[in-house]
Amino acid sequence: MATPTCSADLAGLLGPNATNAADFICNKFTDANFAIDTTYLLFSAYLVFSMQLGFAMLCAGSVRAKNTMNIMLTNVLDAAAGGLFYYLFGFAFAFGGPSNGFIGRQNFALDSIPSSSFDYSNFLYQWAFAIAAAGITSGSIAERTQFVAYLIYSSFLTGFVYPVVSHWFWSADGWASAFNTGDLLFGSGVIDFAGSGVVHMVGGIAGLWGALIEGPRIGRFDHSGRSVALRGHSASLVVIGTFMLWFGWYGFNPGSFNKISVAYASGKYYGQWSAIGRTAVTTTLAGCTAALTTLFGKRILSGHWNVTDVCNGLLGGFAAITAGCSVVEPWAAIICGFVAALVLIGCNKLAEIVKFDDPLEAAQLHGGCGAWGIIFTALFASKKYVNEVYGADRPYGLFMGGGGRLLAAHVIQILVIVGWVSATMGTLFYTLHKLKLLRISSEDEMSGMDLTRHGGFAYIYHEEDDMQKNGIQLRKIEPSSTTPMSV
Amino acid sequence: MATPTCSADLAGLLGPNATNAADFICNKFTDANFAIDTTYLLFSAYLVFSMQLGFAMLCAGSVRAKNTMNIMLTNVLDAAAGGLFYYLFGFAFAFGGPSNGFIGRQNFALDSIPSSSFDYSNFLYQWAFAIAAAGITSGSIAERTQFVAYLIYSSFLTGFVYPVVSHWFWSADGWASAFNTGDLLFGSGVIDFAGSGVVHMVGGIAGLWGALIEGPRIGRFDHSGRSVALRGHSASLVVIGTFMLWFGWYGFNPGSFNKISVAYASGKYYGQWSAIGRTAVTTTLAGCTAALTTLFGKRILSGHWNVTDVCNGLLGGFAAITAGCSVVEPWAAIICGFVAALVLIGCNKLAEIVKFDDPLEAAQLHGGCGAWGIIFTALFASKKYVNEVYGADRPYGLFMGGGGRLLAAHVIQILVIVGWVSATMGTLFYTLHKLKLLRISSEDEMSGMDLTRHGGFAYIYHEEDDMQKNGIQLRKIEPSSTTPMSV
Amino acid sequence: MEVSWEQSVTDSINTVYLLFSAYLVFVMQLGFAMLCAGSVRAKNAMNIMLTNVVDAVVGSISYYLFGFAFAFGDGSNSNPFIGTSFFALKDIPSSSYDYSFFLYQWAFAIAVAGITSGSIAERTQFSAYLVFSFFLSGFVYPIVAHWVWSSSGWLSPSSSDLLFGSGAIDFAGSGVVHLVGAIAGFWGALIEGPRVGRFDAFGKPVPMRGHNATLVVLGTFLLWFGWFGFNPGSFDKILVAYPNTTDQGNWTAVGRTAVTTTLAGSTAGIITLFGRRLLVGHWDALDVCNGVLGGFVAITSGCSVVEPWAAIVCGFFAALVLIGFNILALKLSFDDPLEATQLHGGCGAWGLIFTGLFAKEEFVIQVYNSGESGVVRPYGLLMGGGWGLIGAQVIEILMILSWVSVTMGPLFFALHKLNVLRIPIEDEVAGLDISSHGGYAYAGHPAEENRPRFYADYMRMQDNN
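Protein chains in written order, with full-length UniProt numbering: chain E, 1 to 487; chain Y, 1 to 487; chain D, 1 to 465.
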């Protein structure tokens, strides 16, 4: 895509009096490349957006019927509010250069976009990422959070916390970015290609603090402290959500290349298009391995074949491979997925022991597997691929003989993300908690938020329900409300 | 994409001393073409993958609520296990060349990929096809198969049976392949463009044997032998599944071109891109005609407008057009769809008479309509399109005046597929049956596999359900099981 | 050599872009199906889903046979009112239209009938549905599309002699698609009258909630997903470079279109959320879904020619329009189970006005003259572009109103007179699924004894009474 060099080279080859011809030809090339790259980036962005549908269905299926409306509303608002805030300042904080290493400060409200570095399609793609982060968190605090609290943290997360992190690791000015033209952290910078840390760990840690401060749902742990499974109300929705997320992940990981028409050596069959294909393959393999490992692991632990566990395992594998998807060999992806499944199972056991209740296992899944993914990249990143994707002479994976500098940078990344998110979101959740704005009353929680806050339940399978609206009928919508349990 | 000729021609035009310039320009051409083709192929692969979601929802909606978890788990595992096995040896068996006409033997675990002939994106695309075949079969044996049996046949099918068939008909070395550079079968080779035979018939026949050996579900035929409809538990899921499959089929059929930037006559507006558009159109028309025919046909037979029947008709039309989608005229697609609907209705009647129980009609739909599609292609393939897609001077459709050689090749294909799949999968299912590993106990079948094997039901609309697991709860989840109709 | 390479690369890039956009638009049909299914009562779910499947199916046959010809058949003997060539895709591909273009337009055509089917849900005979769906997507819609989108249409902004020197800018079809579908639905719902029990004896509205909110949200997200093909896809070509700009071309405009679309929908959704919170006192997910869709419908007309900030304005007012129309509908005891008339009609009309107010000159020239310099076109009134554009927009609204009314209105009325429009009251109470679709959509939801579970039972009941 290097236009000037193109026409210069070509003019050199065509002879002195052919400069205009060279320019003409090279402009054609440039136009074609712009069109190809934009097509690729836009459709990847659409795929990433479809992950929002995946999150919505996953969350809806994993909560109890009486809170479905609430959780779905939060997911719709992630996308909607996220769109506005990210347009107004999120994108500026994240990518508005030139700026300092900590936070961007240009391009508010897409001012002076399109520029030579960013087009509208880049914004759209980054927006889809931003709303994904908020979607992760909403799962952790499901079924017991006041809607107002949700509105506040969601806008704060998409509008400020996440953009700052993405500025650090992805923008050309970021202090830890691998694209940093100036001084790279440890001469390497952090290779978090599609955001195991930037997206998943941020969302996971935020959810961790939220769920921790709110405490478990009523009935999640009985008086003797034994954990009681509060199963979601619809496994079909969980499966829909998982497949939609899988579908969207093909935009999330391979799409992060942003450009497809980049030749590593002009005229060869091997170029960025192959790297993109490889990324899709590593993504697939990691997820599949994690799913299979979880299937058999859970079979051994719990004695039955459980589909929702497999779905979570699958997503854990994806969250883990996200950091290294573009720089590891397919066989390494299998290792990544295998360990990710064990990490997830371990985190879940741990959560049960410490009585930590996360209805969607989001903190364990995106936090735990995300962290593992960052380490994994530092261990298995292959020299060839790192040079192709990030430029020559970089440190690469420890186990591949690339030395420890990449690993050091990645450990720093994990610590920094944990610290930053805890400092911001932790404080926020704690303040909301002190202001009594965080958790709903136990009556509301018992009878379900749909009824008390969202004007009715999500499902009506009874005929007479829509004929009258009165107290008797409430029992009909939710038969359980005749039992003491939920009144 | 013919690089050498390109630079030669261009050098001729630019004058003798511009060979380097010619190379330079032509390399740019090649790069752009690679980028376009990969973009096209990858997004087609993503669409084909989304068919897996379609299968999952179609199956889930078509079984009874008490077996939903089981069927969905099988669909998730199709994708997951399929990914691993196809990576390890499936792809090698199918496309690993140079090899013999029967089975490939290179590129195990993507060794020496990318090569000049295959890139990672090709693997991803073929993987999406492989898991589709397994998805078809899982429908036929739903609601009564042990999970272990499922794991075994699924890995066997995706890892060996299907790859071998696709090697025969799609790889350059296959003995019946139309791309065979050596001697073509009957000087023609089999035109199974996107796999009516390779994918759908393979899946359908495998399902046929499975369902045949297992026998019908309990209660499917009453003691007097009358057939009793065991209706699926959610038509909404069936419709979601159907539309997702329709969506995915746009990757399945037009995507099978693999490359889009191929000019048939240089500089014309008509090229492979038009052929791809035409393929999408024929696909659409065939499905729609089949759906309409089914709608009215069923109205006449059963007296009401049934949405699930229409969905099946639609899919039947798609399965039929898949073989010939790229080489027939749009009007021929309408004929194809019309007959496909009749074939499907006929097969279903036949199945009822012989007391063959296939919960998703998968054997009838993919087997019957798939076979018809292969015949249809041999009858209606148009000369112009065959030459464009497969190269000049091929035999084409019988009714278009192309003689009988194509038809002969296609009859051979049907026989070979039936024989091969029966010999492998039939034996496998029979062995599992003898080992008592195939069918679940009648108690398990009565109470539903979700409860007995998968740790609980898919849906919880009642609060107390997740508190205890007992007989009372059975009625709560599946109230219809108290009515004689569905037990 | 050079030229031919450019041709083949250009065509293949544009085809990739257009085809995948068409696939996204097709997804909207799934979105409509789920939105409708979730918004009706469980006893009618099968019926509404069948209508949505049949939309796609009937639509494709009729659009293939003559719909596309009516809309874009401007061959040798083209006239501004109706197209006359390319029946059954004869002479396609031509230098102007390829198969992919047909596929894209087909996906639009089936969306129209999907809108209407929502308005008349839960009380319409299926045969009546078949008739109007065929008529709407095969004749009424293609004519309007020809007026506004075909190069020879009399309202078209790309024709030789422009109306008011401007032509109506309805980029992706706020009017052509949404307003048409909504007006048709309006007449249908009006002639059929409200569902049984929708308004009580004193005319007080009785809420009838849909049976499954999850499906509504699923549908909304799928529609949002599909709208990324609907609006940005309407450029048809992505490889069009703008002269005298650096690195800019349709690829820039396409991205901008996707951004405006997103912003309009998001704003409308949030405004609806808080608006309804003030009005009814709870946070309603379903209202937010409708709000988001309202914003999309409104921006559809101007998405390619307005600045992102204008899209926010568009969404803001779209939400207010939607809320207003819903209140109005209740006052007039007009019953539209999916608010399709209010949503697609009201917001669609607002969208056309909005374009007339906020269209930006630079973008208009980029989109309709691929950025040539020295072209002068009217643009948004509030941007100082004069009255030409807004005039054309108003004309389009009026023409669509009258055309659809004179075609679909009489059709529905005739069906009504022939008693093939509305189902008998006992069928409506029992539910369409059991009376005409052979059973309920959900086996195994709590069964009351007084209620038939299968078609046979239903027939038995009918015989008894």
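Each hint should be verified, as a subset may be incorrect.
With a straight-line Cα cutoff of 30 Å, these simulated DSSO-like cross-link-like pairs (lysine-lysine) come out [stated by the list, open to error]:
no.	chain 1	residue 1	chain 2	residue 2
1	E	Lys259	E	Lys355
2	D	Lys417	Y	Lys383
3	D	Lys237	Y	Lys268
4	D	Lys90	Y	Lys259
Hints are computed from structural coordinates only; laboratory data are not their basis.
Remember, it's a predicted structure, so these values are computed and weren't measured experimentally.
To see whether the hints hold, each was checked on the structure:
1. Restraint check: the Cα-Cα separation between Lys259 of chain E and Lys355 of chain E comes to about 45 Å, which exceeds 30 Å; the hinted pair is violated.
2. As the CA atoms of Lys417 of chain D and Lys383 of chain Y are separated by approximately 52 Å, the hinted pair breaks the 30 Å bound.
3. Only pairs whose Cα atoms come within 30 Å are accepted, and Lys237 of chain D paired with Lys268 of chain Y is accepted, the gap being roughly 17 Å.
4. Between Lys90 of chain D and Lys259 of chain Y, the direct Cα distance comes to roughly 26 Å. Compliance with the 30 Å bound is thereby established for this hinted pair.
Comparing the model with each numbered hint stated earlier shows that hints 1 and 2 do not hold.
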